[in-house]
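Visitor: For the protein sequence lines, the chains are A and B, in the order given. Residue 410 in the working numbering sits at position 146 of the first sequence; the count goes up by one each step and never skips. Residue 109 in the working numbering sits at position 24 of the second sequence; the count goes up by one each step and never skips.
A few of these clues could be false.
[Unchecked claim] For lysine-lysine, the following DSS-like pairs were computed, each having C-alpha atoms within a straight-line distance of at most 30 Å:
1. B/219 with B/296
2. B/296 with B/250
3. B/219 with A/584
4. A/595 with B/219
5. A/595 with A/584
6. B/219 with B/250
[Stated by the list, open to error] Here chain A is said to cover these stretches of chain B; the calculated rule only asks that three of the stretch's residues, wherever they fall, bring their Cβ under 8 Å from a Cβ of chain A:
7. 152-162
8. 201-210
Bear in mind the hints are in silico, worked out from the structure with no lab data behind them. Ideal placement from N, C-alpha and C gives every residue a C-beta, glycine not left out.
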Amino acid sequence: MTRRWRDLGLAGVGLVVLLLVPLLGAPPAIRDFIMFAMAYGLLAMSLNLLIGYTGLVSFGHAMFFASGAYAFGLAMQSGKFSIPAAFALAIVFTAVLALVIGAICVRLNEIYFAFLTLAFQMLIYNIILGWVSFTGGDQGLMGGIPRPKFLGIDLADRTQLYVFCSVLFIVCIAIMRQIVTSPFGYTLRLIRDNQERAAFLGIDVARAKLVCFVISACVAAVGGILLSLFVSGAYPNFGFWTTSGEAIFMILLGGSSVFLGPLVGTVILRLLTDVTIAYTSHTELVLGIVILVLVLGLRKGPLDVLAERLETRRQAVAQKVRDAADTEARKRP
Amino acid sequence: MSRLKLEGLAKSFGGVAATRDVSLDFADGSFSAIIGPNGAGKTTLFNLITGRFPPDTGRILLGGEDIAGLDRRAIVRRGIGRAFQVASLFPSLTVEEALAAAVQAHQRRETAKLQSFPLASSRARAAEIMEMLKLTSVAGIVSRNLSHGDQKLLDIGLALALDPKVLLLDEPTAGMGPEERWQMIETVQALWRAVHMTLIFIEHDMDIVFKVAETVRVLSYGAVLAEGTPDEIRRNPAVIEAYLGKAAGAGTAP
Chain A
265 MTRRWRDLGL AGVGLVVLLL VPLLGAPPAI RDFIMFAMAY GLLAMSLNLL
315 IGYTGLVSFG HAMFFASGAY AFGLAMQSGK FSIPAAFALA IVFTAVLALV
365 IGAICVRLNE IYFAFLTLAF QMLIYNIILG WVSFTGGDQG LMGGIPRPKF
415 LGIDLADRTQ LYVFCSVLFI VCIAIMRQIV TSPFGYTLRL IRDNQERAAF
465 LGIDVARAKL VCFVISACVA AVGGILLSLF VSGAYPNFGF WTTSGEAIFM
515 ILLGGSSVFL GPLVGTVILR LLTDVTIAYT SHTELVLGIV ILVLVLGLRK
565 GPLDVLAERL ETRRQAVAQK VRDAADTEAR KRP
Chain B
86 MSRLKLEGLA KSFGGVAATR DVSLDFADGS FSAIIGPNGA GKTTLFNLIT
136 GRFPPDTGRI LLGGEDIAGL DRRAIVRRGI GRAFQVASLF PSLTVEEALA
186 AAVQAHQRRE TAKLQSFPLA SSRARAAEIM EMLKLTSVAG IVSRNLSHGD
236 QKLLDIGLAL ALDPKVLLLD EPTAGMGPEE RWQMIETVQA LWRAVHMTLI
286 FIEHDMDIVF KVAETVRVLS YGAVLAEGTP DEIRRNPAVI EAYLGKAAGA
336 GTAP
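With the hints as extra help, turn the sequences into a complete structure.
Guide: This is the structure we're talking about:
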């Protein structure tokens, strides 16, 4: 069985597990938790395409999360689009936005890239806040997002909404998985590890980074659309720097070297937040301590540590096999 | 027939002339060494040929086409591969992954269909390169865990993945012990014989240079001091003086 079929099989299993939740009569709070995790999980995993696979730390990724939510919400409020058309419009709008911003940012490295993305995010955020007549300003999109039926699907129904979001979520995960295990995914790893050398291999580093930037923005936009459908609105904080910071925190909590690490981080962060809120108003203090422990203690995400240990063990076994083969070869006359 | 020809190449950084009016001709399929004291401009010359910096003046003719001033990618595509003084690798990738990714970058298939990595063709080519460089036994080892010698070989392998017409090796034996140096240079020689290409290497070990190189070019203060066969260079008074100084160098081979 090829890796692709194995991954598609695992995606299918993931979808079945998600669909079992409503079928088994899970309480609405669990479903709501999963929907939040799916939306923010897409934000974190798409950001990890940049951070973990390409070595580009973006501080402004949430601008695409917001652009997806606002473009979709505004298209639906106009009454001129069906849900699939508004969805497509939001993705195309985000892709064009990412193409323009990315074309400027990807030529810069490290801290300059990070701060330029942050600057663009603050620009988008201030446009959302300032253009009150269009975006609703700090109140967000007023009046909710209409959800007319399409193809027999009624997203006003919470179960159908959950199923719809689950399918979209799994499709996005499968697409990202295919990207990171494809030749293009390995081109991104070459750039992450040593972009100077990658250029000496004839790779168009800027173009590859830009393609990755646009793809990750589009996936983040899907996350924003899911959240806007779930909360029936879009709010400026979707595109605020703290949302980008949360996404980075999710990656830190899970791990950037493992494909599903950011998703695990998303679940951990939401659990941490929900649990601490139940007991104390000092949620940020608890989260800050967790960050300190991770950064000063592990210096990477828990899944990164696990993956590293497994890799070390694998390499040690391989070394033993080589040593045994060498010894055997020396014994031969 | 000339494969690579440099004409009046010059490059300055600030007020310092790193390369001064360098004109050299490398025949197709030749095996040449570039030597010179530290700071002679050897690595700068490689940087100019590979497009890391554009020359201030002069021409770089690859098979008759002037490639001076083209960007690195365009130069690589025209058939110039390079290995570095300090091995420039992809630390988190295994030997096989790095080579297969380099091969498919060369095949321009990195953004083609989203097939699973590695493509069968790139995997086969990576296996050939590993066989040639005796890296097959470490195929699954991540590059950062390789021995120094294997790292230098992988660096050469990455350049080979581009099927270069001209291969530039910047001190392939740097940092190695005497025995390992000879093993490395024998591997490089075998490679040159197996793959018909023009090979130019920078080297400080004169025993190696005089034993294996067909022709030797000597740089000093950014300019060409001498060129010729190893025997001619060995007896050249200007070379002796550049290496050993005027008084001490009289009558002594470098």
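Visitor: So which of those numbered hints doesn't the model satisfy?
Guide: none
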